[in-house]
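Chemist: Sequence:
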Amino acid sequence: MLVFAGIPLLWGIGLSVTDTRLLRPNGGSFVGLENYAQLFSGSALLRSVLTTLVYSAATVAGALVLGTVSAVVLNRAFPGRLLARAVIVMPWAVPTVAVALVFRWIYNDSAGVANTGLRALGIGEAGWLTDPDFGMVSVLLATVWKVTPFVMLVVLAALQSVPEELYEATRVDGADALATFRLVVLPFLAPTLKIAGLLMTIWSFRRFEIIWLLTGGGPVDATNTVVVSLYREAFNNSRLGLGAAIGVVGLSLSVVVTAVYSAIERRNARQEAGS
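Take the sequence shown: its letter number 8 is residue 357 in my numbering, and every next letter is one higher.
Be careful, since some hints might not be right.
Across the chosen pairs, the derived CB separations fall in these ranges [stated by the list, open to error]:
#, residue 1, residue 2, range
1, Asp458, Leu431, 19 to 27 Å
2, Arg425, Ser390, 50 to 58 Å
3, Asn424, Leu372, 50 to 58 Å
4, Gly565, Ala426, 44 to 52 Å
5, Glu621, Val414, 18 to 26 Å
6, Arg425, Ser459, 18 to 26 Å
7, Ile613, Gly473, 43 to 51 Å
Please keep in mind that the hints were generated in silico from the structure rather than gathered at the bench. A virtual CB, placed ideally from N, CA and C, is assigned to each residue, including glycine.
Put together the whole structure using the sequences plus the hints.
Modeler: Right, here's the structure in full:
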């Protein structure tokens with residue numbers, strides 16, 4: 350496993366210090382840190398990193414909240430529960446390309462469901478995929494719809510470990526549903542939510558298809574994340590070396606976030622052990 354992961358990583362790092370072009374992949378020369386100097390001398394990289402962080406934070410937070418609420422609701426017994434679970438899981442099973450095509454239709458300026466609804470309310474149309482003010486919102490909504498079922502599934506599995514005796518105790522004490530969730534359910538879900546949040550954060554840093562198919566990184570770079578910027582430089586502009594350098598920066602960002610998360614968890618574990 351280390352070999353399969355290490356060789357592409359080393360190859361990418363090596364490529365990032367060359368001026369290799371897409372049309373001459375074997376003809377690049379060594380340029381040292383020139384690609385990195387070019388990246389850090391301008392503001393484009395910083396903007397793409399900030400865009401990535403905003404996209405990641407919003408999608409992870411939205412999916413965690415909606416997925417947890419959905420799991421808590423679906424954990425209760427009611428007629429049609431199995432059907433409801435199957436319907437909610439569908440977005441996770443549908444290919445990303447299909448999801449993007451559906452949302453492109455929803456966001457269509459003239460015939461899309463979104464603008465049709467806005468016109469019916471007398472609000473007017475929105476440029477969901479053409480207006481920089483709406484571009485990120487459009488991508489976020491599509492992404493959250495796609496990834497929320499993952500959170501719902503893992504939280505639903507974790508809910509099965511909550512002892513029924515605790516529910517009974519809270520009912521005897523007169524606790525309402527919100528208090529029961531806060532005092533009983535949430536402590537059991539915390540480890541699961543932390544792991545799910547970390548996984549989704551890492552996945553969001555490398556998520557490409559849905560952003561590219563919806564906006565192509567636009568409008569006006571409103572959704573130009575690090576991975577989209579990598580694709581643009583490597584394949585649209587044929588600058589493989591610079592694209593590889595962007596990839597190394599993106600990987601470093603993921604490593605930093607993971608390291609910070611691990612450090613916080615270790616500190617919390619020490620505090621709990623000492624208390």
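Chemist: Hint by hint, note whether the structure agrees.
Modeler: Taking the hints in turn, this is what the structure says about them:
For Asp458 paired with Leu431, a C-beta distance near 39 Å fails the hint of 19 to 27 Å. Distance hint check for Arg425 and Ser390: the Cβ-Cβ separation is about 56 Å, which falls inside the suggested range of 50 to 58 Å. The supplied range of 50 to 58 Å is met by Asn424 and Leu372, whose beta-carbon atoms lie about 56 Å from each other. For the hinted restraint 44 to 52 Å between Gly565 and Ala426, the CB-CB distance of approximately 46 Å keeps it satisfied.
At roughly 25 Å, the beta carbons of Glu621 and Val414 sit within the given window of 18 to 26 Å. Distance hint check for Arg425 and Ser459: the Cβ-Cβ separation is about 42 Å, which falls outside the suggested range of 18 to 26 Å. Between Ile613 and Gly473 the CB atoms are about 45 Å apart, so this pair conforms to the stated range of 43 to 51 Å.
Consistency with the previously given hints fails for numbers 1, 6, ordered from lowest to highest.
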